[in-house]
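Participant: Here the protein sequences line up with chains A and B, keeping their order. Here the first sequence is numbered in my numbering, starting from 15 and rising by one per residue. Here the second sequence is numbered in my numbering, starting from 11 and rising by one per residue.
For the record, the hints were derived by calculation from the structure and aren't laboratory data. For each residue, glycine too, the CB sits at the ideal point set by N, CA and C. It cannot be assumed that every hint is accurate.
Which residues of chain B face chain A? A partial, calculated answer using Cβ under 8 Å [what the hints assert, rightly or not]: (1) Ser38; (2) Val45; (3) Gln46; (4) Gly51; (5) Lys65; (6) Val68; (7) Lys70; (8) Asp76; (9) Val78; (10) Ile92; (11) Glu93; (12) Ile94; (13) Ala144; (14) Arg153; (15) Ala161.
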Amino acid sequence: MRPEDDGQIEGRALLISPDEPELVGFTVHSPEPGIREARLLSDVPWVRSLGRLDLSITTEGWKFPAPATDYSVAPRSPNSSIGRQTVKLPTLPDQQERAKVRIRAKPTAETVLFKDRLLYLLQPPLDGLFDGRQLEVPFAPFPYQLEGIAFLVPRHGALLADEMGLGKTAQAILALRLLFHQGVIQRALVVCPKPLVPNWSRELKMWAPDIPFETFDGDPEQRRTMWLISNCPLKLVNYETLTRDVELATNERVKFDLVVLDEAQRIKNKESKTSQAVRALNRSRSWALTGTPIENHPDDLVNIFSFVDPDRIPPDTPPKRLPLYTSDCILRRTKDVVQSDMPAKLIKDLEVELTPAQRAAYTRAEEEGVIHLNELGDTITVQHVFQLVMRLKQICNFDPLTGESAKLEQLMTDMEEVAESGRKAIVFSQWVEPLNVLAKALAPFGPLLYHGKVPQAERTPILDRFRDDPNCHVLLMSYGTGSVGLNLQFANYVFLFDRWWNPAVEDQAINRAHRIGQRHPVTVTRFLCGNTIEQRIADVLDAKRKVFNDLLAQADKPTTMGLTEDEIFGLFDIKARPRKQAG
Amino acid sequence: MFQESSGWLGGYLVTNGWGRPLEFRLTSAVQPNRVQAALYGPTLTEYLLADLIGKTLVEKTSTKPDLVVTDNPDALPLRSRIEIPVVALRPSASSVPDTVPLDHPRAPHGLLLSTRWMTDQSVVYELLDRIDTAVDLSEPFGRIREAIGEARKMGVTNRAA
Numbered sequence: 015m016r017p018e019d020d021g022q023i024e025g026r027a028l029l030i031s032p033d034e035p036e037l038v039g040f041t042v043h044s045p046e047p048g049i050r051e052a053r054l055l056s057d058v059p060w061v062r063s064l065g066r067l068d069l070s071i072t073t074e075g076w077k078f079p080a081p082a083t084d085y086s087v088a089p090r091s092p093n094s095s096i097g098r099q100t101v102k103l104p105t106l107p108d109q110q111e112r113a114k115v116r117i118r119a120k121p122t123a124e125t126v127l128f129k130d131r132l133l134y135l136l137q138p139p140l141d142g143l144f145d146g147r148q149l150e151v152p153f154a155p156f157p158y159q160l161e162g163i164a165f166l167v168p169r170h171g172a173l174l175a176d177e178m179g180l181g182k183t184a185q186a187i188l189a190l191r192l193l194f195h196q197g198v199i200q201r202a203l204v205v206c207p208k209p210l211v212p213n214w215s216r217e218l219k220m221w222a223p224d225i226p227f228e229t230f231d232g233d234p235e236q237r238r239t240m241w242l243i244s245n246c247p248l249k250l251v252n253y254e255t256l257t258r259d260v261e262l263a264t265n266e267r268v269k270f271d272l273v274v275l276d277e278a279q280r281i282k283n284k285e286s287k288t289s290q291a292v293r294a295l296n297r298s299r300s301w302a303l304t305g306t307p308i309e310n311h312p313d314d315l316v317n318i319f320s321f322v323d324p325d326r327i328p329p330d331t332p333p334k335r336l337p338l339y340t341s342d343c344i345l346r347r348t349k350d351v352v353q354s355d356m357p358a359k360l361i362k363d364l365e366v367e368l369t370p371a372q373r374a375a376y377t378r379a380e381e382e383g384v385i386h387l388n389e390l391g392d393t394i395t396v397q398h399v400f401q402l403v404m405r406l407k408q409i410c411n412f413d414p415l416t417g418e419s420a421k422l423e424q425l426m427t428d429m430e431e432v433a434e435s436g437r438k439a440i441v442f443s444q445w446v447e448p449l450n451v452l453a454k455a456l457a458p459f460g461p462l463l464y465h466g467k468v469p470q471a472e473r474t475p476i477l478d479r480f481r482d483d484p485n486c487h488v489l490l491m492s493y494g495t496g497s498v499g500l501n502l503q504f505a506n507y508v509f510l511f512d513r514w515w516n517p518a519v520e521d522q523a524i525n526r527a528h529r530i531g532q533r534h535p536v537t538v539t540r541f542l543c544g545n546t547i548e549q550r551i552a553d554v555l556d557a558k559r560k561v562f563n564d565l566l567a568q569a570d571k572p573t574t575m576g577l578t579e580d581e582i583f584g585l586f587d588i589k590a591r592p593r594k595q596a597g
Numbered sequence: 011m012f013q014e015s016s017g018w019l020g021g022y023l024v025t026n027g028w029g030r031p032l033e034f035r036l037t038s039a040v041q042p043n044r045v046q047a048a049l050y051g052p053t054l055t056e057y058l059l060a061d062l063i064g065k066t067l068v069e070k071t072s073t074k075p076d077l078v079v080t081d082n083p084d085a086l087p088l089r090s091r092i093e094i095p096v097v098a099l100r101p102s103a104s105s106v107p108d109t110v111p112l113d114h115p116r117a118p119h120g121l122l123l124s125t126r127w128m129t130d131q132s133v134v135y136e137l138l139d140r141i142d143t144a145v146d147l148s149e150p151f152g153r154i155r156e157a158i159g160e161a162r163k164m165g166v167t168n169r170a171a
């Protein structure tokens with residue numbers, strides 16, 4: 015935008031003379047400053063100046079950037095299920111038409127230049143963009159999603175921390191699509207976990223069909239071409255590939271107007287190669303998406319901000335003061351606030367009694383384990399305790415000798431009900447082995463397995479089959495593979511066969527089903543073996559979950575969301591403690 | 011174009027058919043003095059809105075529009091100064107002399123066309139049909155007013171508006 019001043023029109027005055035009654039215009043020459051011209055009334059001709067008679071204005075103008083590429087409108091599909099569907103309803107006599115709420119991107123407090131502020135002030139309302147022909151979308155975004163887009167568009171550094179299932183991906187795609195259309199950005203990069211690349215590809219085709227994108231795959235030479243030569247406006251890369259290609263990705267020729275990090279909790283460890291790679295990218299705008307910006311410690315948030323806006327948080331800022339620096343750049347909404355009409359999520363903690371065989375094995379293992387831990391004395395480490403916890407949790411799932419399982423018995427009963435009602439369920443476990451056992455036991459319900467050992471190429475077809483095959487009633491997933499980014503809102507039941515260490519990960523898992531698009535209540539069953547290690551862990555985690563729910567709304571943040579070392583030691587009645595290192 | 015305490019001023023936003031901004035221009039405020047008001051007489055408003063503000067804004071802006079829409083029916087005479095059809099948003103209360111109403115879905119409250127330029131009617135309808143269905147022609151005026159307010163806050167008014 016370039017201001018264009020035009021000159022002021024020359025001032026003119028009017029001369030009125032008794033000898034020459036017609037009006038005469040002429041240019042006025044200014045007298046010396048501070049001196050006024052005086053004339054005697056007897057002077058002939060008698061002259062009186064009337065001041066300026068011509069009217070004049072000055073103008074100033076600004077031009078807005080035009081998109082480098084012509085993003086032509088995607089052809090409207092003849093399929094009537096695509097696009098906005100409207101039904102004409104009869105108007106009742108006393109029906110008042112509600113005023114349409116206009117949602118617009120506003121310049122932020124940090125947008126200081128008038129020309130930059132104008133760019134946002136003069137954009138049309140977002141709620142109208144998806145009503146017309148210009149931006150084809152599969153269905154109109156919810157108002158809170160438009161507000162999310164309005165939040166992202168003007169920000170160079172932003173963290174969209176909506177609760178899982180509220181459509182962060184769609185909001186980010188529509189925001190970057192608008193910036194492409196406005197000509198504000200020409201090159202963008204999306205970084206996401208590897209399992210989510212197919213999901214992002216699908217969502218990009220759905221929400222931004224007019225923005226060409228390419229995915230980083232192929233051999234190193236092909237990827238080199240993509241990094242250094244390809245002119246494709248939008249690129250999609252997974253964290254692992256980015257880390258591997260970091261030298262190419264941070265080459266001075268490679269510049270992005272926008273980098274979007276999905277599941278940004280992946281960079282919570284500032285020293286990790288992944289974190290270093292994303293921070294080294296040449297970029298103008300940095301957006302991070304995560305439903306769990308603080309998984310374990312407030313430092314997680316600080317480290318995400320080292321990508322979002324490195325200079326925003328001063329070093330050594332105490333956790334209580336973090337909101338002071340970050341609140342303008344974080345948008346966090348929860349389902350209960352934005353989706354009052356969303357189906358309920360019913361969480362049921364189902365306590366089951368261990369079978370006699372399980373109880374005997376459990377008691378023996380715990381007693382022997384505690385004795386062993388105490389014998390370790392001050393050589394004990396948290397890893398020793400951890401091993402015992404894992405051993406006991408596995409016994410809570412299945413008896414190691416007989417294979418008996420109190421949880422499985424209950425799950426079989428519940429699955430019969432699920433299958434009879436024609437619904438679908440997801441079962442989560444921490445380990446792959448129990449999932450394989452469950453797959454055999456749940457054979458009548460058409461089980462499908464989805465875990466880290468399933469090849470990447472087979473994963474999307476498995477999810478498609480789970481959605482489409484009426485005989486497949488249950489999907490068996492590991493937390494590590496299935497807890498993030500997947501849209502499984504066609505399932506109405508979630509079973510947590512065993513519990514994860516961190517409530518945030520459990521919430522991620524639950525929200526695969528309880529997300530936008532879900533039409534029925536989602537029932538979550540968290541299995542818990544009474545009077546076992548599972549119950550002790552659950553008690554600690556429940557207390558923390560309560561704090562976590564208010565995490566971003568509060569200044570007082572808990573120091574950690576998972577179990578601390580002291581808490582892990584506290585799970586057993588052991589007196590041994592690790593030797594403290596000096597200093 | 012509107013009048014405020016410092017005088018008449020205009021804001022001009024050129025958009026594409028989707029309502030997206032292409033170019034924006036502001037004028038400084040102009041306040042006729044008593045002598046100027048007396049000399050221009052009844053032609054003052056037309057001169058201010060059509061010649062001084064309207065024509066200057068259109069001519070100074072590099073993007074040439076297909077249709078000019080004003081929120082002030084008194085600016086309709088601008089049409090005789092430029093080779094572009096001009097329509098005004100129809101005011102809700104009073105009727106405006108020497109105009110004919112135009113109805114179109116892009117302007118829910120209607121438009122006005124000067125009776126002197128009835129020949130523009132078919133072209134205007136043709137142009138309105140080409141505008142995106144989501145666009146309400148009255149909506150961008152809110153943006154312009156907001157931008158003028160912002161200009162005042164940021165001191166740009168000292169230079170232009």
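Participant: Indicate, hint by hint, whether the structure satisfies it.
Facilitator: Okay, the hints, checked on the actual structure:
This hint holds: B:Ser38 has a C-beta 5 Å from the nearest C-beta of chain A, less than the 8 Å allowed. Given hint, B:Val45 at the interface with chain A, holds; its Cβ is 5 Å from that chain's nearest Cβ, closer than 8 Å. With 8 Å as the threshold, the beta carbon of B:Gln46 comes within range of chain A, its nearest partner Cβ sitting at about 6 Å, so the hint holds. For B:Gly51, the suggested interface contact is broken, since its CB lies about 13 Å from the closest CB of chain A, more than 8 Å.
Residue-level restraint check for B:Lys65 is violated (minimum Cβ-Cβ distance to chain A is 11 Å; threshold 8 Å). Because the beta carbon of B:Val68 sits about 11 Å from the nearest beta carbon in chain A, more than 8 Å, this interface hint is broken. Checking B:Lys70 against chain A by beta carbon gives a least distance of about 5 Å; that is within 8 Å, so the hint holds. Contact between B:Asp76 and chain A, as hinted, is not supported at the beta carbon level, the nearest pair being about 17 Å apart and thus beyond 8 Å.
A cut of 8 Å between beta carbons decides the hint on B:Val78: the least distance to chain A is about 16 Å, and the hint is violated. Against a cut-off of 8 Å between C-beta atoms, the interface hint on B:Ile92 is violated, since the closest Cβ of chain A lies about 15 Å away. Interface hint status for B:Glu93: violated, as the beta-carbon distance to the closest one in chain A is roughly 20 Å, over 8 Å. Hint status for B:Ile94 relative to chain A: violated, with the closest Cβ pair at about 17 Å, above 8 Å.
Checking B:Ala144 against chain A: minimum C-beta separation of about 3 Å stays under 8 Å; hint holds. Restraint check, B:Arg153 versus chain A: the minimum CB separation of about 5 Å is within 8 Å; hint holds. The interface hint given for B:Ala161 is met, as the beta carbon of that residue sits about 7 Å from the closest beta carbon of chain A, less than 8 Å.
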